[in-house]
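Trainee: Sequence:
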Amino acid sequence: MRVSVLIRGVVVLLISILTLYITNKLMNSPQNINNIKWMLEKNDERQPCDIECPEHNYPFRIISGAASVVGPSICFNGNILMSNIKNNIGRGLNIALVNATTGKTMQTDFFDMWSGDINLLLAFLKPIVSGTIVLLASFDDPATKMNDKARTIFSELGGSLIHSVKFRDNWVFVGAKGIKEKSPYEQIIQNDKAKNKYGAWPEAVEMEGCIPKKHN
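All residue numbers for the sequence shown refer to my numbering, where the first residue is 1 and numbers rise by one.
Take the hints with a grain of salt, since some may be wrong.
In the SDA-like style, the derived pairs of lysine to any residue whose C-alpha atoms are separated by at most 20 Å in a straight line are [said to hold, decoys possible]:
1) K126 x R151
2) K214 x E52
3) K182 x K213
4) K149 x N119
Between beta-carbon pairs, the in silico distance windows are [as the list claims (entries may be wrong)]:
5) K126 x D192: 31 to 37 Å
6) H56 x S115: 41 to 47 Å
7) C210 x S115: 32 to 38 Å
Source of the hints: derived by calculation from the structure; they are not laboratory data. As the structure is a computational prediction, the values presented were derived from the model and not from experiment. Cβ atoms here follow ideal geometry from the backbone N, Cα and C, with glycine treated the same way.
Please construct the entire structure, taking both the sequences and the accompanying hints into account.
Mentor: See the structure below:
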């Protein structure tokens, strides 16, 4: 009797271990990652920037990419400006420019910071005019091609963490041309193998808030 109970206990334990093993494998499989990616994207499209803000403020939500699989999302004033579903994001820095007075999107683009040309980013940033809101989300690697000129421009746009952004960090930022103080909207999760959620990448970073409209 005791032997049969012991055998049943061992069988239950083995089944539990096998179940945990299979679950872990499925959770890290490419197919499951794609399913998670699809669900996140659909959720973003169903509930864009569902944030309550005071009158004369723009709501926004920015989510960085997750590893090299799930792309970033930039939502502003109830509209998704950049996302996987819109097919206008890419590895590196994803940036949307918005008119601070009208709230209208002026331009969106992405810049490969791993193997791309940093001059393309500089050519995009330098002409930004006063009264422009800059929304940024990183994806995969934001820093390999970054140079002092680009970091200086981001600093002038209100960035305070730009000089800390390194290889495969996750970085989100909202700044503006003509801002007099450092932006309160900037977050970074650093790439640390001991703490990373996705192996060689840290977890995604999400930030939301309200931006006052600019009055002429």
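Trainee: Each of the hints needs a verdict: does it hold here or not?
Mentor: A quick look at each hint next to the structure:
no.: 1; hint: K126 x R151; in the structure: 12 Å, holds
no.: 2; hint: K214 x E52; in the structure: 18 Å, holds
no.: 3; hint: K182 x K213; in the structure: 17 Å, holds
no.: 4; hint: K149 x N119; in the structure: 10 Å, holds
no.: 5; hint: K126 x D192: 31 to 37 Å; in the structure: 33 Å, holds
no.: 6; hint: H56 x S115: 41 to 47 Å; in the structure: 42 Å, holds
no.: 7; hint: C210 x S115: 32 to 38 Å; in the structure: 37 Å, holds
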